[in-house]
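Protein chains in written order, with the working numbering: chain H, 73 to 576; chain Z, 73 to 576; chain V, 73 to 576; chain B, 73 to 576.
Fair warning: there could be bad hints in the mix.
[To be verified] Derived pair list, reagent style BS3-like, types lysine-lysine, alpha-carbon separation capped at 27 Å: (1) Lys-442(V) - Lys-478(V); (2) Lys-478(H) - Lys-442(H); (3) Lys-442(B) - Lys-475(B); (4) Lys-442(Z) - Lys-475(Z); (5) Lys-442(H) - Lys-95(V); (6) Lys-573(B) - Lys-442(Z).
[Unchecked claim] On the chain Z side, residues computed to face chain B include the following (Cβ under 8 Å): (7) Arg-256; (8) Ser-346; (9) Trp-347; (10) Pro-348; (11) Asp-350; (12) Ser-469.
Rather than coming from a laboratory, the hints here were simulated on the basis of the structure. Since the structure is predicted, the reported quantities are computational estimates derived from the model, not experimental observations. Backbone N, C-alpha and C fix where the C-beta goes; we use that ideal spot for every residue, glycine too.
Protein chains: 4
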Amino acid sequence: MTMQRFGRLSRPPHPVLFDVLYKPAMRTDVEHLLDYVLRIDAAHVAMLAKRGILRTDVAACLLSVNRRVMASQEFRARLLAGTEPHRGLYLAIESRYIEELGPEAGGAGHVGRSRNDINATATRMRARDELLNLGADCLHLQLVLARRAVELAETLVSGFTHLQPSQPTTLGHYLAAVLSELSRNTLLVFDVYDDVDRCPMGSAAGQGTSFAIDREDVARLLGFSGVIDNSLDAVASRDYMPRMLASLAVIGGTLTRVATDLQLWASEAYGFVSWPDDLVSTSSMMPQKRNTFVWESVRGKAVAPAGALMTVLMGLKNTPFSNSVEVSAEATAYAWPALDSVRMAIRLTTVMLETMRVHADRMCEWLQGKDVTMTALADYLVDAHGLSFRTAHHAVSAFVEAKTGKPRNTAAEHQLLVGILREQANLSCEISDERLSRALDPRACMQNSRFGGGPSPDHVRTQIAALEQRGRTFEARLAQRRRRLDAAEQALSERIDAIAKGNR
Amino acid sequence: MTMQRFGRLSRPPHPVLFDVLYKPAMRTDVEHLLDYVLRIDAAHVAMLAKRGILRTDVAACLLSVNRRVMASQEFRARLLAGTEPHRGLYLAIESRYIEELGPEAGGAGHVGRSRNDINATATRMRARDELLNLGADCLHLQLVLARRAVELAETLVSGFTHLQPSQPTTLGHYLAAVLSELSRNTLLVFDVYDDVDRCPMGSAAGQGTSFAIDREDVARLLGFSGVIDNSLDAVASRDYMPRMLASLAVIGGTLTRVATDLQLWASEAYGFVSWPDDLVSTSSMMPQKRNTFVWESVRGKAVAPAGALMTVLMGLKNTPFSNSVEVSAEATAYAWPALDSVRMAIRLTTVMLETMRVHADRMCEWLQGKDVTMTALADYLVDAHGLSFRTAHHAVSAFVEAKTGKPRNTAAEHQLLVGILREQANLSCEISDERLSRALDPRACMQNSRFGGGPSPDHVRTQIAALEQRGRTFEARLAQRRRRLDAAEQALSERIDAIAKGNR
Amino acid sequence: MTMQRFGRLSRPPHPVLFDVLYKPAMRTDVEHLLDYVLRIDAAHVAMLAKRGILRTDVAACLLSVNRRVMASQEFRARLLAGTEPHRGLYLAIESRYIEELGPEAGGAGHVGRSRNDINATATRMRARDELLNLGADCLHLQLVLARRAVELAETLVSGFTHLQPSQPTTLGHYLAAVLSELSRNTLLVFDVYDDVDRCPMGSAAGQGTSFAIDREDVARLLGFSGVIDNSLDAVASRDYMPRMLASLAVIGGTLTRVATDLQLWASEAYGFVSWPDDLVSTSSMMPQKRNTFVWESVRGKAVAPAGALMTVLMGLKNTPFSNSVEVSAEATAYAWPALDSVRMAIRLTTVMLETMRVHADRMCEWLQGKDVTMTALADYLVDAHGLSFRTAHHAVSAFVEAKTGKPRNTAAEHQLLVGILREQANLSCEISDERLSRALDPRACMQNSRFGGGPSPDHVRTQIAALEQRGRTFEARLAQRRRRLDAAEQALSERIDAIAKGNR
Amino acid sequence: MTMQRFGRLSRPPHPVLFDVLYKPAMRTDVEHLLDYVLRIDAAHVAMLAKRGILRTDVAACLLSVNRRVMASQEFRARLLAGTEPHRGLYLAIESRYIEELGPEAGGAGHVGRSRNDINATATRMRARDELLNLGADCLHLQLVLARRAVELAETLVSGFTHLQPSQPTTLGHYLAAVLSELSRNTLLVFDVYDDVDRCPMGSAAGQGTSFAIDREDVARLLGFSGVIDNSLDAVASRDYMPRMLASLAVIGGTLTRVATDLQLWASEAYGFVSWPDDLVSTSSMMPQKRNTFVWESVRGKAVAPAGALMTVLMGLKNTPFSNSVEVSAEATAYAWPALDSVRMAIRLTTVMLETMRVHADRMCEWLQGKDVTMTALADYLVDAHGLSFRTAHHAVSAFVEAKTGKPRNTAAEHQLLVGILREQANLSCEISDERLSRALDPRACMQNSRFGGGPSPDHVRTQIAALEQRGRTFEARLAQRRRRLDAAEQALSERIDAIAKGNR
């Protein structure tokens with residue numbers, strides 16, 4: 073693996089370079105790219121053999137080393153040791169071929185390709201796997217959201233705007249809204265996937281090749297749905313990276329909002345929801361504490377894609393439209409930790425929603441005296457007594473203003489309202505106690521809100537059913553993509569076996 | 073329009089509030105939202121009349137004021153004057169209705185709706201129009217790119233990686249690569265469009281309404297393709313904002329890369345391309361200057377969406393999942409200037425590509441002595457003489473090293489190569505002068521690069537044809553969306569006329 | 073002002089260029105840069121006269137036009153009209169000189185300078201003014217914070233961590249903490265100011281000049297504290313822009329946190345603070361609403377610098393280290409709206425803090441039964457009974473756990489505690505009712521917290537006094553900087569008068 | 073270390089929580105925080121003993137375990153194993169104390185403190201060390217820049233604006249400009265350091281304590297320059313994090329610009345500079361390649377702080393102003409990798425500048441025919457022949473225009489110029505060949521640029537001397553800070569020894 077000389081270069085990398093660039097990069101590359109690069113190598117060699125560009129026996133030797141040696145722990149350990157100078161993963165692999173097979177056979181596979189297209193391909197393979205895992209996590213979260221939303225479709229709670237009580241709603245309606253936004257943005261993951269899922273191999277250093285290679289064959293063996301038409305686009309573009317991060321930043325943004333609401337509703341002042349002991353923390357100092365700190369971790373981890381997106385966009389800015397280390401290695405490196413981070417946020421959110429205890433009585437009780445049915449009262453005055461909405465609104469405003477700070481007393485309030493209506497709206501109507509108290513009942517209000525996408529339980533259940541259908545479609549797409557990857561792995565394996573037996 | 077008292081509030085806004093919030097907001101709102109809000113108002117009132125929630129004669133009065141007064145310059149001027157305290161656009165409109173029609177008729181339209189859903193709807197209408205304009209700009213850029221790429225499909229130029237000459241290619245191949253990336257990301261504009269194109273009206277303050285409104289009717293009259301199922305999702309979500317900005321940030325990123333290359337290639341050291349006098353600047357001090365500074369403006373304007381995206385994501389972070397000024401007014405406001413900015417970058421890029429003068433002779437001449445065919449030479453040794461690629465690569469490396477700094481001399485170089493091959497690769501072959509010079513001819517190299525998406529002109533023309541097809545599909549979608557908006561405007565107008573005649 | 077030809081350029085700018093770049097730029101430039109550019113012009117011409125590079129009579133003519141014509145509304149109107157093609161502010165000014173004085177005198181001032189250093193200087197002058205205004209706003213906010221903190225230094229309130237009640241504190245202690253962070257970061261504004269406050273004039277296009285100019289003279293006449301030593305640094309650097317935005321982003325971040333707390337504490341569930349009618353909003357639909365939405369605007373406006381910082385950093389990235397439109401015009405343009413935005417957030421925060429009504433009774437009452445003195449109880453057991461803190465903490469935890477959900481009853485709880493201590497901590501002590509209830513009294517707890525920077529009122533007042541001292545130092549620096557600017561204006565004016573009289 | 077129960081919590085963390093939060097956090101904490109936390113622990117216990125809050129013998133036991141056990145590899149290994157459930161680093165340390173010393177002595181140290189202030193303190197200690205290392209790296213880079221700038225102060229090269237040749241300058245002048253910007257921003261590192269360097273211990277959970285602790289003592293033992301006055305500020309604030317990242321983002325921005333210039337100047341089309349074999353790469357496919365790819369890594373790594381800054385700012389946004397996991401753990405975690413990254417960029421830049429080979433002949437030759445002395449020619453016409461600069465500029469513009477594309481011929485050009493001057497400027501002067509050729513000589517031009525901070529070598533050497541002085545001041549500050557840390561370590565060690573001997 074020693075690299076004293078390579079091509080025009082008579083010396084191994086400068087110690088600072090090795091220390092700062094090659095050595096740390098190898099650690100990540102062995103963990104995250106080695107398997108992809110070996111698979112690419114195998115597919116490329118198999119194709120070269122099929123096209124007669126490489127002799128079958130040479131191909132068989134290369135593939136045997138690829139399978140036997142490269143996948144060994146010994147090889148990984150040697151790469152990781154960092155005791156010998158090297159110039160990165162790909163050349164270290166090639167020198168191992170040469171070590172095993174001699175310079176002619178060992179150096180025969182690098183035909184019609186370059187590190188540029190190999191790297192572009194490996195990165196896309198990694199992105200594919202990450203996106204599929206992420207998709208599965210998103211799907212799981214959505215299933216839990218849907219389940220809890222259905223379960224809580226009748227659980228009355230105050231709605232809020234600007235942190236102040238607004239109108240009666242249900243926790244199910246709230247969760248359905250969140251699910252709606254989340255599932256909409258999860259779909260973006262596949263928009264990106266399908267653009268990622270095209271194979272750059274054969275683009276070489278951006279100008280293709282004169283060897284009569286078969287790109288479609290390589291693409292198929294690596295499970296790609298197709299190739300990239302233009303060789304420069306293939307090695308220069310990493311546009312899927314910011315797109316991937318952007319969709320995650322949007323999903324992360326949604327999580328921060330839900331986490332904000334649910335942590336608040338779990339706090340002493342609300343007590344709407346709570347979590348068991350294994351999902352809260354206490355304080356090392358304050359014995360009374362039960363902190364739902366997990367939501368803080370969710371929020372803290374959910375913002376990772378936003379910053380990483382910025383770094384990647386910045387990394388791409390003002391770079392030549394061609395292969396460059398700045399884009400292909402440096403900028404893309406920022407994406408992966410952010411992806412891990414947002415997946416953690418998703419997993420934490422999922423477990424928190426699964427285990428959330430809902431205190432329906434407390435929510436009902438909290439509603440009392442919060443005037444959340446004042447809109448319903450105005451609506452009633454419009455509907456039953458023909459006031460214009462603005463007149464009704466102002467009269468009810470005056471009613472609220474007048475009764476605020478006074479002890480609650482239904483009869484007195486009835487009188488107060490009648491007086492205000494007479495004076496302000498010139499309305500000398502009879503309002504029966506029974507109709508009034510119906511207009512003021514939070515649960516009735518919530519149930520009546522059947523139009524415009526409101527919390528009426530039947531309506532919410534219909535919404536969720538539609539979102540679950542969207543989830544199932546998503547799940548089917550996930551499965552279909554996974555199947556293609558599995559089939560490709562199988563096909564590549566069979567090709568290697570055939571070549572070992574002397575068939576291309 | 074005076075707002076001494078509104079509902080519970082006995083006083084107009086505090087002077088600082090008025091100065092900092094209401095007054096400047098009105099300026100933007102009159103310019104960018106007023107027309108949308110008036111149209112929403114009209115559609116909502118027409119629907120209320122149709123459903124019998126509002127009397128037809130009241131509706132007719134409201135619609136008459138909507139058409140006649142509100143659209144007048146006098147009304148706009150009054151809104152802009154800022155001499156009377158107000159609480160924002162919507163309430164100013166409503167007080168004008170009341171001024172004209174009295175409190176009963178004038179205040180009758182605000183049934184089953186709130187400022188929350190009106191604002192959510194108006195913002196989406198604005199986003200729709202902006203996206204259509206942006207789409208048209210993107211399309212225009214793509215048409216120009218495609219035209220120039222075809223025109224330059226045979227124009228030989230050096231390829232570059234890491235700013236160093238790589239292999240022969242064409243300017244057409246380069247432009248096709250750029251077009252490929254751009255057209256891929258332009259499609260995202262429609263992904264967002266179709267999510268934007270759903271109507272929030274009827275969601276009211278996030279909990280829908282008990283009035284038996286017809287949301288689909290309003291949606292249709294405003295040209296939306298449908299409604300938003302969940303009322304909380306409708307008022308709380310602005311996820312399309314970061315998505316819109318993210319797709320523009322990606323497009324902007326591509327522009328910075330192209331601008332970097334083309335400005336460089338226009339510089340003294342390259343001279344590949346140039347622009348006429350009306351597209352360059354000179355210096356007020358240095359008389360010799362012809363600066364292609366427009367590319368710097370392109371780059372400077374193309375980064376706007378990245379920062380705006382960040383502000384919007386930050387604006388959304390940790391906000392309650394409900395209507396909030398932080399999200400619905402503040403955060404969204406950052407998007408529009410960034411959109412303008414990136415459209416300017418697109419327009420400038422388009423005009424620069426349209427007017428770009430290409431100096432084919434200079435590009436050919438520049439290629440000389442740059443060793444861009446050394447890969448082709450190695451490929452030839454593999455192909456014709458059966459060397460392994462690595463052996464060939466090292467031999468050619470030694471050849472390059474040996475001839476560097478020496479005067480160019482074909483015969484001597486031939487000898488040098490033969491010597492190196494004998495010594496390093498044990499290859500005592502005959503290499504005919506003619507075959508060698510063919511292997512070393514840049515144009516032949518470029519033409520031979522027929523595999524892997526390389527610059528071979530026929531191949532590039534096929535790529536462009538496919539991208540043009542993609543462009544036509546995009547154009548058709550644009551046109552289809554525009555037609556729906558036009559039809560809706562027509563339908564709304566007819567409904568207003570009908571109501572004026574006493575028909576709902 | 074017509075610019076058919078300028079130097080090598082035979083044609084006016086292309087219509088798209090004019091439309092996209094020159095025309096809109098002129099609007100901003102006339103509003104924000106014209107005055108600075110005219111002042112720079114005057115100072116430069118005065119210096120040239122003093123050094124004998126320009127004849128005094130020519131200088132007098134130029135200065136007369138500078139004063140008389142350029143400052144006129146007619147000139148501004150003509151610049152804004154955009155009916156004649158132009159190439160930006162500076163050349164339009166120069167053509168006006170030529171129009172008035174003929175080509176020789178009119179074109180004589182542009183010696184030893186270029187648009188590069190003029191632009192660099194004008195931008196710094198604008199930044200100086202903006203920073204001084206911002207500093208004044210920050211100072212005002214700090215004065216209000218200090219006043220309210222002193223006023224509320226004894227006002228008991230629950231502390232919070234993770235949104236759960238922690239230990240007793242005061243609102244004054246909270247505001248003092250905020251003031252501490254804010255005043256620390258406000259100081260950064262002057263770090264930037266002092267780097268901004270150096271004059272680039274004389275750097276010309278980045279390579280200085282051979283004319284024997286006097287840079288220090290120009291710097292003095294423009295109120296700068298000195299010059300920039302290296303001419304390339306002078307025109308290429310805009311590092312103060314991201315620095316300015318970064319300090320504002322940090323200040324903005326603090327505002328979002330305070331706004332989050334205070335809006336929450338104003339909500340129904342807390343009711344700790346409230347605002348009068350002219351600082352809240354109601355709902356057009358929900359009559360009961362009093363929304364402290366201003367805090368949402370504060371947060372929404374406070375994030376502007378973060379995104380603008382990102383755009384500016386992105387604008388600077390990978391640009392040549394020399395003058396470039398990308399840096400000097402495009403990137404810097406993003407800073408100003410963000411600056412306006414954060415100033416609005418500061419002003420809104422100031423008025424909200426000034427007008428905040430504090431409900432001390434409600435805060436006291438809210439504390440009841442929230443177990444905020446459990447740490448004090450554990451401390452008491454350590455202090456008075458010699459338990460290790462962890463033993464005490466676990467015993468008190470068990471005590472809290474046991475009494476949760478039971479009706480409050482002092483005697484029963486005393487018994488419970490004694491039992492737990494005996495069992496868990498092997499402590500069979502006498503705990504007097506009186507000592508226990510003292511340990512459990514929130515106000516006593518708060519007052520006892522005299523160490524480690526806790527809320528003990530005397531301690532807090534000392535903190536605030538120190539911060540007020542820091543504020544006065546800041547104020548003095550502000551005033552000193554303003555005085556230098558005023559003095560320079562005076563000096564320049566006198567020099568112009570002298571030259572008009574024929575003295576250099 | 074098992075944590076079945078802790079305080080109110082009857083169960084260990086949920087498996088998902090453990091997997092996602094506690095386990096991965098422990099890995100980073102053991103590597104980066106353990107040593108700090110142990111030191112804090114020791115200092116706190118020593119202070120408690122001194123104040124008589126803890127018995128000396130108990131303190132001695134705790135300190136002995138702190139020294140002996142905690143620092144052992146066995147302890148680290150056990151923490152890292154992750155086989156037993158735990159609740160994070162601090163509680164794992166405490167349980168080890170209890171394991172070794174029993175619950176009373178083992179649990180006695182957590183008096184007057186909480187995890188909040190410990191965490192705040194440890195993070196500041198880490199930040200201090202990182203800033204000192206970073207400062208040293210910055211200093212090294214500046215020394216190299218200064219050395220090369222002096223060395224190249226007479227090395228003629230073309231200046232550039234907008235990538236086009238502008239005026240003659242030197243490489244030394246260029247590097248001095250870069251040094252000027254860099255050294256200015258390096259100073260910010262200490263602005264942050266001095267705010268970081270204040271000790272939060274004693275703030276406990278944000279409300280201080282009633283135990284009569286001595287904060288100054290702890291601060292001294294940990295090497296801090298003082299304490300933080302307000303306990304809430306101490307645990308809630310992390311404003312130094314975005315400030316630290318912002319200063320690095322600015323430094324990173326400068327690096328991207330230098331890297332852009334130097335990579336360009338190393339490219340084929342310029343050839344001004346080059347690097348030896350151990351600092352370039354070749355291509356696995358293109359044998360002719362020598363790529364200065366290191367500059368791409370520099371740029372790619374230099375943008376890390378910008379994105380991390382964004383994530384941290386986002387992490388802080390809308391969080392309560394109190395201790396929260398979102399701020400104290402999650403948001404701060406993003407800073408460290410970015411810091412590593414920018415340090416790598418600095419180290420790479422340093423080695424590249426150290427090893428850069430400068431091709432002075434090539435730079436001189438490149439200048440020929442690039443018209444970089446046309447400004448000097450116009451200046452000469454102003455100076456020697458009394459033209460107004462604009463007249464001279466237009467005449468020289470016409471001259472450039474006329475001679476462009478024609479073969480170079482000094483005599484003919486002289487004639488051309490004379491003709492243009494006569495016609496355009498009405499100037500029938502004699503211009504001697506000798507004076508003209510002096511005016512047109514690049515080296516003379518460069519040397520004449522003695523005003524306004526231009527490249528005249530003496531002037532540049534003076535600039536560099538001043539910057540070197542600034543560097544020495546910086547170095548002295550670095551050393552002074554390091555000495556305080558070393559002295560504190562010594563003092564703490566002596567205190568522990570004394571307590572072991574029974575003295576407080």
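We went through each hint and held it up to the structure:
Of the pairs offered as hints, the one joining Lys-442(V) and Lys-478(V) holds, with about 13 Å between alpha carbons and a cut-off of 27 Å not exceeded. Straight-line distance between C-alpha atoms of Lys-478(H) and Lys-442(H) comes to about 13 Å, which keeps the hinted pair within the 27 Å bound. For the proposed pair Lys-442(B) and Lys-475(B), the alpha carbon gap of about 12 Å is at most 27 Å, so the pair holds. For the suggested pair Lys-442(Z) and Lys-475(Z), the alpha carbons sit about 12 Å apart, so the restraint of at most 27 Å is met.
Under the criterion of a C-alpha separation no larger than 27 Å, the hint pairing Lys-442(H) with Lys-95(V) is inconsistent with the structure, at around 55 Å. With a C-alpha separation of about 78 Å, the suggested pairing of Lys-573(B) with Lys-442(Z) is violated against the 27 Å cut-off. Given the 8 Å rule on beta carbons, the hint for Arg-256(Z) is violated: about 23 Å separates it from the nearest Cβ of chain B. Below 8 Å, beta-carbon pairs count as interface contacts, and Ser-346(Z) has none with chain B, the closest being about 11 Å; its hint is therefore violated.
About 12 Å separates the beta-carbon of Trp-347(Z) from the nearest beta-carbon of chain B, more than 8 Å, and the hint is not met. Interface restraint check: Pro-348(Z) against chain B, minimum CB-CB distance 14 Å, threshold 8 Å, status violated. Look at Asp-350(Z): its Cβ only gets to about 15 Å from chain B, farther than 8 Å, so that hint breaks. Using the Cβ-Cβ criterion of 8 Å, the hint placing Ser-469(Z) at the interface with chain B is satisfied: the shortest such distance is roughly 4 Å.
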